[in-house]
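Undergrad: What follows is the residue order along each chain.
There are 2 protein chains.
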Amino acid sequence: MTQQLERILILGTGLLGASTGLALRSAGYSGSIIGWDKDGTQSHIALGAGAIDSVTSNPVETARESQLILLATPVYAILDWMKQLAPVLTNDHLVTDLGSTKAQITEAGNQLFNQRGRAGFLAGHPMAGKEVSGAQAAEAKLFQNAVWIFTTDENQPPLQPDAMHHASEWRAWVEKFGCRTLDLDAHRHDELVAWVSHLPQFLSTALTALIQDEVGDAPELTAVGGRALREMTRLGSSPYSMWRDIALTNTEAIAAAIHALEQRLAHLRENLRTPELREEFEQANHFRKS
Amino acid sequence: MTQQLERILILGTGLLGASTGLALRSAGYSGSIIGWDKDGTQSHIALGAGAIDSVTSNPVETARESQLILLATPVYAILDWMKQLAPVLTNDHLVTDLGSTKAQITEAGNQLFNQRGRAGFLAGHPMAGKEVSGAQAAEAKLFQNAVWIFTTDENQPPLQPDAMHHASEWRAWVEKFGCRTLDLDAHRHDELVAWVSHLPQFLSTALTALIQDEVGDAPELTAVGGRALREMTRLGSSPYSMWRDIALTNTEAIAAAIHALEQRLAHLRENLRTPELREEFEQANHFRKS
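For the protein sequence lines, the chains are A and B, in the order given.
Residue numbering for the first sequence follows this note's numbering, starting at 1381 and increasing by one per position.
Residue numbering for the second sequence follows this note's numbering, starting at 1381 and increasing by one per position.
For the record, the hints were derived by calculation from the structure and aren't laboratory data.
For each residue, glycine too, the CB sits at the ideal point set by N, CA and C.
A portion of the hints provided could be inaccurate.
[As the list claims (entries may be wrong)] Computed cross-link-like contacts, DMTMM-like style, restricted to lysine to aspartate or glutamate with a CA-CA straight-line distance of at most 20 Å:
1. A:1418 - A:1441
2. A:1510 - B:1662
3. B:1463 - B:1433
4. B:1510 - A:1611
5. B:1510 - B:1611
6. B:1521 - B:1433
7. A:1510 - B:1487
8. B:1510 - A:1662
[Said to hold, decoys possible] Each pair of labels, with its calculated beta carbon distance range:
9. A:1636 - B:1524: 40 to 50 Å
10. A:1445 - B:1524: 49 to 59 Å
11. A:1460 - B:1636: 29 to 39 Å
12. A:1555 - B:1659: 38 to 48 Å
13. B:1424 - A:1599: 35 to 45 Å
14. A:1599 - B:1460: 30 to 40 Å
15. A:1636 - B:1619: 24 to 34 Å
16. B:1636 - A:1632: 42 to 52 Å
[To be verified] Negatives, chain A to chain B, calculated, CB over 12 Å:
17. 1537
18. 1548
19. 1556
20. 1585
21. 1619
Using the sequences plus the hints, can you model the full thing?
TA: Right, dumping it as structure tokens:
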């Protein structure tokens, strides 16, 4: 692959941003990687780990001097950066992101970017992460065997030529990280992740908070809880800062999924002593077996 | 340790029963281990794996000829075996079990056993298992680093001398399996496991059945679901046959726990856009950290 991206700016050098820097290096990227984080500790941890080569104190100016700008913050900060960067970048820049919800970001990308004279915007979402945040948890292999989704919507124009070249190269790097790429409609993305990513998270948060309230201080707890409890409460450690923005930008789909689960639990609870319980177990047994 | 248990009968040679046979051998037990299962395939798989030395076709007669009888079936079958065995065994036998709920079994133990002339009964519950059942999934190290709980209740008399010797030896074997033993009141056991074992199971079943209904056939599902989804739905594969008995013998505690979770989920759903969401995440973040 001919490397034309000479300078990449990562805005937000937490778990995903710093892992992307490490993955780029591990994949053989030889250009410069510059980082910025609103928390200076995070950018310096990323620098120390080799995820970035330098820390900028002027991210807007550095964005102008870079060809690719990676927005690796929670969703609202991504939307803020998009508004701030759109007027100062030009058609030889590509902006891409790692945000967890995609409808609002994809729509903003088409309104603010992807027009003649403007920078290109490619909405992305690697299906990878951890329940802990921060650059100290970053690793190059975080994306290995993950799917990296790119989204568009019905209003999306084709990328301009320069942005198109950068986008092709970026997709190639992502594949070198060990990812499979997948193109999805942004609304379909948000609907699907509400079920398979957001619902499990909010459920684990509710379960973990409940168990903490009910038996969190029981001396026998560690003895009695096994692997099942550890797994079902692992996501209880997830940070509010990231999930707040997900809750705010995919509220309806998440609320619908949670409500459906409440009803399903009530149904199961009312049928603990009836043969209907068998139906529920059998339906669950089918998952990923059919 | 002086081995006085020369003959052990395992009734139910599925995952837990066969794993116990393998763990005994692995720990150096040199007496005979005889097995029986209502499903002849299971006992023959256990035989082939070396978990038992022979299969009996007359479990009641073999029980009389054994010193220790291990009941390794779902809870109601354990209760049935207890009724069947109590009249034919004598005070040189010890019966113990691996049942998932303990209040009914412990109470039956005191009514049917643990009296002058009768066999002893020691209620047990290893906190180990898998989402798949059957002797083919058995392994000697299933119990390594697990807690093996023994329960009593307020009506429990001391064990008779022979049964007491057998019980001490059985506890020693359990420790050789790599387990820590813990003595708990049977009702406290059932209350605790309702929160930390049964609630996670029924929740995972409800979640998995719901996701199967909603997006089980979505072609993008495998791509979009990550580790979180795999973990939260692993228990969805658990067998109804075992969980039916748990639901029937710990109904009230399980229903209360499920109901509390429904309310917690509704609260979270109603607060997806309010600062209350932060409280829930912070409460969950405290779990096992305090």
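Undergrad: Please go over all the hints and tell whether each is borne out by the structure.
TA: For each hint, the structure was consulted:
no., hint, in the structure
1, A:1418 - A:1441, "holds (16 Å)"
2, A:1510 - B:1662, "holds (17 Å)"
3, B:1463 - B:1433, "violated (26 Å)"
4, B:1510 - A:1611, "holds (13 Å)"
5, B:1510 - B:1611, "holds (13 Å)"
6, B:1521 - B:1433, "holds (19 Å)"
7, A:1510 - B:1487, "violated (45 Å)"
8, B:1510 - A:1662, "holds (17 Å)"
9, A:1636 - B:1524: 40 to 50 Å, "holds (43 Å)"
10, A:1445 - B:1524: 49 to 59 Å, "holds (56 Å)"
11, A:1460 - B:1636: 29 to 39 Å, "violated (45 Å)"
12, A:1555 - B:1659: 38 to 48 Å, "holds (41 Å)"
13, B:1424 - A:1599: 35 to 45 Å, "holds (43 Å)"
14, A:1599 - B:1460: 30 to 40 Å, "holds (34 Å)"
15, A:1636 - B:1619: 24 to 34 Å, "holds (31 Å)"
16, B:1636 - A:1632: 42 to 52 Å, "violated (31 Å)"
17, 1537, "holds (24 Å)"
18, 1548, "holds (21 Å)"
19, 1556, "holds (18 Å)"
20, 1585, "violated (5 Å)"
21, 1619, "violated (7 Å)"
Checked against the numbered hints given earlier, the structure breaks hints 3, 7, 11, 16, 20, 21 and satisfies all the rest.
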